[in-house]
Amino acid sequence: MRSVLVLSALILAGFALSFAVSEYTLRLLNMAVIAAVAVIGLNFAFGYAGLISLGHSAFVGLGAYGLAILTTKADWSPWLAAIPAVAGTGLAAAALGYPLLRLKGHYLALATLGLNVSFSIVASNWIELTGGTNGIAQIPGLTLAGYKLDGEQTFLWFGLAVLALLGLAALAIHASRLGRAMMAVRDDETAAAMTGIDVTGVSVTAFVLSAIYAAIAGCLFAAHVHFVSPDDFNYAHSITFLSMLIVGGEGSVAGAIVGAALLTFLPEWLRVLGEGYLAFFGLMMLAILVFLPTGIAGLLRRWRRPALPPQDTAAGLDGAVSR
Amino acid sequence: MADLIQLLTNGLALGSVYALAAIGFVIVYSATGVVNFAAGQFVMLGTFAGVATLVNAGWPLPVGYAGALALMALFGLLFYAVVYLPLGRSPVVTIIIGTVAIGITLQNAALLTFGSWPFRLPSPVEGMMLEVAGAVIPVHAVAVVVATAVLIGLMWLLLNRTALGIAMRAVAQDAKTARLMGLRVNALLAFTWVLAAVLAGIAGLMLGPMWFADVNMGDPIALKAFAATIIGGFGSLPGAIAGGLFVGLAEVLGASYVSSAYKDLIAFGAMILFLLLRPQGVFGERIQDRG
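As given, the protein sequences belong to chains A and B, one line each in that order. Numbering-wise (the working numbering), the first sequence opens with residue 8 and increments by one. Numbering-wise (the working numbering), the second sequence opens with residue -1 and increments by one.
Extracted from the complex, chain A is given alone in its bound form (with noise of 0.2 Å):
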């Protein structure tokens, strides 16, 4: 319940600046929202399942091509192309998941970030369909009861009903026993087995539901930039969702969105540094992983350590002990 009310916060949070922000500001912000939905996803893969993935981007990027490919070669409307592009990534996921997830820790990490390597590879060179290195433009924007949804601030209330949707969604499959089941297989695999779950179908499951939430996040993208292009699907990017939900705190989806706000955020704001911007947002980075290794949300569940929702209590147990 506790969850629900902190993501309506955010929510609301993002409604409520959405009236008080510039032009500038709303575009950030609804970058942070395509991203939270996509990092929200991988929080399925990383957070519950224990799943390291650094191809998450090539999920974002087949989402988004998929309804770029439909809406310009194919005249689609780019609702109706949204359903073949999600769909289609799931069946992706679940095809590469069941023989990728045998893979554990640093292994799958660099397995899927070989995948994401290799979608960037095939983008940049399959002209024929995919535009190569010029990318595809003139996506048609979406269209809702014959409302265009093409300024800043009309698409950042559309991307955050649909971020609500989807945190509900993922609150309400982390409370059931498929969610408990991946946090069990994360914890451990052996015992996760002897209780009668099925680890591979589990695991393949949380890469599947993960690829869903970045192919909707891709197909945010294309529908809201009108523009995609190889470099906005590299493995860069994969690094940087990661980023996003170990900075907010893995396990969480109120964290997953804080943590895609804040790295949206972030670069722009340390560009008052000067040229030299991004050398400290490294810094930085290392700073909130060496001071915070448990996110933002660890950080928070230890402040307020009695209202600890029951699945939290280890994590809040060792921040106790380390205390």
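Check the hints yourself; a few may be wrong.
Claimed, not checked - Within a straight-line C-alpha distance of at most 20 Å, the following computed EDC-like cross-link-like pairs (lysine to aspartate or glutamate) qualify:
1) B:Lys261 with A:Glu135
2) A:Lys155 with A:Asp82
3) A:Lys155 with A:Glu30
4) B:Lys261 with A:Asp238
Just so you know, the hints here were simulated from the structure itself, not pulled from any lab data. What you are looking at is a predicted structure, and each value in this text was computed from that prediction instead of being measured.
Given the coordinates of chain A, assemble chain B onto it according to the supplied hints.
Same frame as chain A, now just chain B:
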């Protein structure tokens, strides 16, 4: 035939550089358990240390090389203190993100210092060519292969025939027991980072005359070094060498016989296939091969 000799030499030279980068990555992983995603930036810094001493300061070649490698040794020590000590005990994901973050810092620090304009790093055998069976090959490429072979020999001697190398392997196998045996574990770990940085530095100095020195060169090198490590076998030194040479040859031969657009897909495709079919790589993780 002449073409093939030329391509093989260039592929082996490029593969040697990847092999050295992969060895630096592997000795750090074996000794400290750190999956160093900044490994490519180490090589980039090596090239730019050479740019600083040879191009900007205009030092003569031997002095410039020595100066660049001394800078890299210092950098390895700094990395040990600033990144490894605070982050070394963290979960693997935190280490991946942390080393990526510091890689971003290194890349942008290099951009601020040297600018985005690419540099040309001179070679001691600049412009010299060799004719073998009708094929013209740059002497630099041959020198790179020979230098790498010598370095690998020296590494083998260090790890198998010196007290320092044996102590390093002891730390890699079991740091706690090594400490109980009276080994100075922290100093040995610091030395491992210095060694990795110097090897990356040598790779960078050898790569400089083959590619243009560009601050963005780190990421592609890191990806190739990862692919080399997986193909050869994670944690194995012979594996890093074999993997590096394979990736270099695949890149050069693939570009000319298969498709220049998809040349990199061969290395990454092979990496993914190995992960699926033989995750321990060609040589596997044999304890006695750890550095």
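What's the verdict on lysine 155 of chain A and aspartate 82 of chain A, does the C-alpha distance respect the 20 Å limit or exceed it? 17 Å, holds
For the pair supplied as a hint, lysine 261 of chain B and aspartate 238 of chain A, confirm whether the alpha-carbon distance does not exceed 20 Å. 18 Å, holds
Hey, lysine 261 of chain B versus glutamate 135 of chain A, does the alpha-carbon distance stay inside 20 Å? Satisfied, since the Cα-Cα distance of roughly 19 Å is no more than 20 Å.
Would you check the hint for lysine 155 of chain A and glutamate 30 of chain A, treating anything up to 20 Å between C-alpha atoms as holding? 17 Å, holds
Of the numbered hints stated above, none is contradicted by the structure.
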